[in-house]
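Peer 1: Using the hints, position chain B against chain A.
Number of protein chains: 2
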Amino acid sequence: MKKPLEGVRVLDLTRVLAGPFCTMMLLDLGAEVIKVENPNGGDDSRAFGPFQNGKSAYFLTINRGKKSISLNLKTQEGKQLLRDLVKHCDVICENYTPGTMEKLGLGYDDLRVINPRIIYAAMSGFGHSGPDMNKPAYDILVQAMGGVMSITGWPGSAPTRVGVSMGDISAALFGAIGLTTALYQREKTGVGQKVDVAMLDCQAAMLENALARFQVEKAVPQPLGSRHPSISPFQAYKASDGYLIIAAGNDNLWSKLCTALNCTPLISDARFQTNAQRTSNVIEVETELNAILDQKTVAQWMDILNNAGVPCSPVNGMDAVLQHPQLNARNMFVDVTDPAFPGMKVPGNPIKMSCLAEELSRDKAPDIGEHNSEVLRDLLGMSNAQIAALKALGVM
Amino acid sequence: MKKPLEGVRVLDLTRVLAGPFCTMMLLDLGAEVIKVENPNGGDDSRAFGPFQNGKSAYFLTINRGKKSISLNLKTQEGKQLLRDLVKHCDVICENYTPGTMEKLGLGYDDLRVINPRIIYAAMSGFGHSGPDMNKPAYDILVQAMGGVMSITGWPGSAPTRVGVSMGDISAALFGAIGLTTALYQREKTGVGQKVDVAMLDCQAAMLENALARFQVEKAVPQPLGSRHPSISPFQAYKASDGYLIIAAGNDNLWSKLCTALNCTPLISDARFQTNAQRTSNVIEVETELNAILDQKTVAQWMDILNNAGVPCSPVNGMDAVLQHPQLNARNMFVDVTDPAFPGMKVPGNPIKMSCLAEELSRDKAPDIGEHNSEVLRDLLGMSNAQIAALKALGVM
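So the sequences go chain by chain: A and B. Read in order, the letters of the first sequence correspond to residues 1362 to 1757 in our numbering. Read in order, the letters of the second sequence correspond to residues 1362 to 1757 in our numbering.
A couple of the hints might just be wrong.
[Said to hold, decoys possible] BS3-like cross-link-like pairs, simulated, lysine-lysine; straight-line CA separation at most 25 Å:
1) B/1496 to A/1657
2) B/1599 to A/1496
3) A/1448 to A/1752
Since the hints were made in silico from the structure, they are not lab data.
The following block holds chain A by itself, in its conformation from the complex:
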């Protein structure tokens, strides 16, 4: 069985997170990913902790299984090699500040002449158009600028960053949709195209009902802690030894919850009969439930609520996540064959496809230029002597 993207070759000039996360997904779907790194240090994230045996676990997580060639794109020879490689690739991916590739003579308009079938995907902070296009962006900036931070956290508290880099990762995901769609369209038309995804745009695309609420209600939505703006109970509550989440927004689940908590009078309490009433009186719901939940531990309540069919969860830390039976049954943590990281698990592929066999391990992340000889020999027919000469010149 062939993998869905088998035969798709990706030339990957990306660094740190949005770009590398995107090409990692393409790799998991079967593409060959050739990372192009500067010979002096390579991808910046090789210098990001945590480290083990001198290697970055951060870099490993996002780059396992890729190939690496080193190329100094400031040299004429380096640029020429990149152009030669583009002829043999389907996709080129970059996440430089817009204008960088054009200045190198390697923008989409340069490369499409060399290979009209090339799909050029750019993931940048602000995109390749508009007044801010040339500014750099970082995850926390787009979380703040795009509105997500204004509705995350606690009323009156300092702003709260989403603990994962959703600014970068959402751009990686939207970028991958654009890339795979461009591959599909190329099957129809025979030509490639440019895909331009901005981290800031992606934040705005994910605001869902907050944007509508503001326009209809004319009040700027505020952060709500763990609460949902229009569903209750649907938040964190406090047991005797910590917090648990209960999501029981409809009347049937509210009834099941009250029965399980042995507080059936609340079912017919005039303040709590509908979701709308419970949401209007959300503080009273919280007070009533916390008073009961305080009598047992999170683990005890999880047993009781699960048996009663009430959706609930502890707030799992990384230790519990790695042990989670459902995530492990779905192969969401896979081994990585890197001697520097014995026993290390990395996230697996969440896109399960019936034409894609599950793989229970990933190859290690490459060293800088580890695949120079293989790639230049196989794709460009170069000899070891030619490759050694390029290395001596500082091109690789």
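Peer 2: Same frame as chain A, but now just chain B:
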């Protein structure tokens, strides 16, 4: 110019968020989306606020531009109509609890017999395998269960939900990648496949360095407020009238920042010379910067820092987001032609492709069954009398 997914017809059985968000993206890339709704009330989110002129703005935001047919899938005639429609579609999308479609006799194994080219995408809470597969899930549950909530919020505070439904939306994004990849593979093989995406899996896939930090450092990562675990300054700071974000993680930006704030002695301060030192002494960095930033307003500092080339942002609420010049230059808020919502803006398409012209408006969201006649006539050749008979029988 044809749109990338022009000619792709999607039969959309999804409700509320993850599924409808996925098919909305396919629509923006050119697919025809036919929403299949139960005749009694339709998509649950039609009942979710905010409302305007009796219609849900929540539903509008995610379903603009789709068609709707009403179909009672509990009737034999309704099931048969769905099977007939599947013959004329490329993609079927559903987000029921696993097992629901199979019980109706409409699971992938039933439908592939009718149309081997069909691509069947399921987005569920826990996926179509594993011990928890039959449980329902909600956004806040997978945020808590999958670990994101454990690293979002403030040390010692109650758990904090990410203010957008990233549990649903990330499943929509990974699902769309799977769908478009399956469309590409079908061009090679001629056959469809099943795509199975779980909200919980997607949360685990997005944990990036937290999972690696836990395994290397053996300590469970904790929430950090607005801070980044390994970059400083990279957080919210307090000006005289509110908060602003400064992202100046490398030494060059640190130097620019200190110059702009007129505190150049901090550049060579032994506690702050490298990013590693600044991260170790992050509280002192915060104390020093807050003391200076407290002397001017957010707007004043934005001018100063932007002029100095220091990446910064206010924490934009929905009002500022909707007015943002860069987002508007990128057409990220588009009009929707629904008389119930005059002047309403909905998020546009963040996937900019050179073979996809920008569209500055979207059609309205459909009423339940608004396209019954059109779809049944055009795809199945049915007469108005036949359609009226089905309606009289309660099938539509």
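Peer 1: Any of the earlier hints contradicted here, and which numbers?
Peer 2: No hint contradicted; all consistent.
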